[in-house]
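*Asks:* Residues per chain, in single letters:
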Amino acid sequence: MGGWLGAGKTTWLRHQLRCGLRAHVIVNEAAGIAVDDAMLSQAHGLTVLAGGCASCEGRTELIAALRQLANRRSAGETVPEIILETSGLADPAAIIATLSDDPVLARHFRLIGTTVLVDAVNGASELASGDLAICQIRAATALILAKTDAATPGATARLAATLADLNPIATLSAAVAGVTVPLPALKAAPLPLAQATRAVTAVTLPIPRGADWASLSLWLSALLHAHGNRLIRLKGVVRTPAGRLLIQTVRHTVQPPEMLPDGLGADDILAVIGDAPDEPTLQASLARFLA
Amino acid sequence: MCNACGFPARTGHWTDARLDTPHDRLRARVRRAQVLARVLRPYGMAAHDDGVTDGLILSTLSGASVIVTDPAELWPTVDRLAGRGFDPLLARSTIACL
Chain D
1 MGGWLGAGKT TWLRHQLRCG LRAHVIVNEA AGIAVDDAML SQAHGLTVLA
51 GGCASCEGRT ELIAALRQLA NRRSAGETVP EIILETSGLA DPAAIIATLS
101 DDPVLARHFR LIGTTVLVDA VNGASELASG DLAICQIRAA TALILAKTDA
151 ATPGATARLA ATLADLNPIA TLSAAVAGVT VPLPALKAAP LPLAQATRAV
201 TAVTLPIPRG ADWASLSLWL SALLHAHGNR LIRLKGVVRT PAGRLLIQTV
251 RHTVQPPEML PDGLGADDIL AVIGDAPDEP TLQASLARFL A
Chain E
1 MCNACGFPAR TGHWTDARLD TPHDRLRARV RRAQVLARVL RPYGMAAHDD
51 GVTDGLILST LSGASVIVTD PAELWPTVDR LAGRGFDPLL ARSTIACL
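As they're listed, the protein sequences go chains D and E.
Residue numbers for the first sequence follow the numbering used here, beginning at 1 and rising by one.
Residue numbers for the second sequence follow the numbering used here, beginning at 1 and rising by one.
These are calculated hints, taken from the structure and not from any lab test.
Please note that a few of the clues may not be correct.
Unchecked claim - Using C-beta positions, here's what the derived DEER-type ranges look like: (1) E:Ala37 - D:Arg107: 27 to 35 Å; (2) E:Gly44 - D:Arg107: 35 to 43 Å; (3) E:Asp70 - D:Leu183: 42 to 50 Å; (4) E:Thr21 - D:Ala128: 31 to 39 Å; (5) E:Asp54 - D:Val181: 51 to 59 Å; (6) D:Ile269 - E:Asp20: 19 to 27 Å; (7) D:Gly113 - E:Ser65: 42 to 50 Å; (8) D:Ala128 - E:Pro76: 52 to 60 Å; (9) E:Gly85 - D:Thr78: 30 to 38 Å; (10) D:Arg72 - E:Asp70: 25 to 33 Å.
As the list claims (entries may be wrong) - Derived, one-sided and incomplete: chain E residues facing chain D with beta-carbon distance under 10 Å: (11) Gly12; (12) Thr15; (13) Pro22; (14) Arg27; (15) Ala28; (16) Arg29; (17) Arg32; (18) Val35; (19) Leu36; (20) Val39; (21) Gly51; (22) Val52; (23) Asp54; (24) Leu74; (25) Arg80; (26) Asp87.
All of these numbers come straight from a predicted model, not from anything done at the bench.
For glycine and all other residues, C-beta sits at the position ideal for the given N, C-alpha and C.
All chains should be built: construct the whole structure from the sequences, respecting the hints.
*Replies:* Encoded structure:
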């Protein structure tokens with residue numbers, strides 16, 4: 001779980017716990033003192049990491065905490081789903097990379113999703129203030145606009161359009177004190193963001209039917225190696241002889257592909273978000289590998 | 001797990017997903033080497049997988065040759081041998097390279 005300082009992460013989480021979500025919560029405080037843990041007393045278990053932000057100097061502490069949970073589970077203890085409440089200054093992509101790069105954690109944990117909360121009142125100024133807020137939004141699989149009751153429907157709609165523009169593949173919803181509320185049904189233009197951040201585009205690339213997985217994965221690994229820094233997220237469903245395979249990446253990190261049940265959703269497409277090359281370039285590049 | 005040091009081995013590389021049988025894995029290895037050989041030719045490199053060596057063999061026109069056992073190391077090794085970054089988005093013809 002991510003989101004800017006004061007976006008409403010703890011409030012949202014506290015409500016989910018009160019509603020019966022069983023989870024072990026790891027709270028990370030950038031400031032070095034933990035104040036949130038008192039609010040999360042209903043969690044199944046609670047670990048507080050107060051030694052700095054888990055995406056940089058608190059990394060080792062996060063790895064140690066997760067390894068300890070893995071040990072406890074291996075010893076027979078029940079450890080439910082884990083929610084990591086990141087500090088407001090964390091880059092979720094760096095934490096996801098930590099999970100998949102650590103040889104122990106990679107075997108014990110599977111990433112379910114990245115939920116990022118955005119403050120409906122201050123979100124617009126946070127987005128304008130710098131890259132970190134935008135990094136957080138782009139790493140999300142679910143975006144939640146919090147405190148929409150304190151913002152005008154027009155401003156909320158505008159922020160929602162901006163978020164959809166920044167990260168078209170994440171789901172978007174709104175919540176007040178953790179309770180889901182409808183998004184305003186207004187149509188609005190996205191906020192004008194700085195030039196550098198506007199360069200983000202989303203390209204949907206059709207994958208030729210029956211494309212061979214060995215060649216396709218080789219192409220993807222080459223693409224991520226050469227251009228991973230500017231491809232913020234990549235998500236796609238590929239039909240292989242063994243079934244439908246879900247592929248997700250955050251920058252250079254690829255999550256282990258998952259099998260999907262048959263039937264639901266579109267097949268053989270790849271959504272690429274970031275400072276992405278145009279579709280014909282990607283198409284031609286893929287064709288050279290599949291030929 | 002390595003019995004000597006006790007460190008767990010790395011998890012399988014994501015490109016090996018759904019390659020469940022030895023037959024599938026071998027076929028994917030050979031297929032990958034074929035594709036690599038084709039896309040690396042303009043860079044003056046060759047790729048070969050004999051199915052016996054534990055890894056893919058990359059070689060250059062000047063005779064350098066490296067066995068790549070870890071799929072994660074493939075593209076960094078290609079960059080190093082080629083002396084420049086491999087860019088899958090660029091169409092390089094062999095003639096342009098000569």
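*Asks:* Run every hint past the structure and note whether it holds.
*Replies:* Structure-based check of all given hints:
1. E:Ala37 - D:Arg107: 27 to 35 Å: Distance hint for Ala37 of chain E, Arg107 of chain D holds at roughly 34 Å.
2. E:Gly44 - D:Arg107: 35 to 43 Å: holds, 39 Å
3. E:Asp70 - D:Leu183: 42 to 50 Å: With Cβ atoms ~46 Å apart, the hint holds.
4. E:Thr21 - D:Ala128: 31 to 39 Å: violated, 53 Å
5. E:Asp54 - D:Val181: 51 to 59 Å: For Asp54 of chain E and Val181 of chain D the Cβ distance comes to about 57 Å; the hint holds.
6. D:Ile269 - E:Asp20: 19 to 27 Å: This hint holds: roughly 24 Å between Cβ atoms.
7. D:Gly113 - E:Ser65: 42 to 50 Å: Given a distance of about 44 Å, which is inside 42 to 50 Å, the answer is holds.
8. D:Ala128 - E:Pro76: 52 to 60 Å: The hinted range 52 to 60 Å is violated for Ala128 of chain D and Pro76 of chain E, with Cβ atoms some 37 Å apart.
9. E:Gly85 - D:Thr78: 30 to 38 Å: violated, 48 Å
10. D:Arg72 - E:Asp70: 25 to 33 Å: holds, 31 Å
11. Gly12: Result: holds, 8 Å to nearest chain D Cβ.
12. Thr15: Cβ of Thr15 of chain E sits 4 Å from chain D, so the hint holds.
13. Pro22: Hint on Pro22 of chain E: violated, closest Cβ of chain D at ~15 Å, above 10 Å.
14. Arg27: holds, 8 Å
15. Ala28: The hint holds - Ala28 of chain E has a Cβ within 10 Å of chain D, the shortest such distance being about 4 Å.
16. Arg29: holds, 8 Å
17. Arg32: holds, 5 Å
18. Val35: holds, 5 Å
19. Leu36: holds, 7 Å
20. Val39: holds, 6 Å
21. Gly51: violated, 14 Å
22. Val52: Cβ of Val52 of chain E sits 18 Å from chain D, so the hint is violated.
23. Asp54: Since the shortest Cβ distance to chain D is 18 Å, the answer is violated.
24. Leu74: holds, 7 Å
25. Arg80: The hint is violated - Arg80 of chain E has no Cβ within 10 Å of chain D, the shortest such distance being about 12 Å.
26. Asp87: holds, 5 Å
The structure fails hints 4, 8, 9, 13, 21, 22, 23, 25 (numbered hints given earlier, in ascending order).
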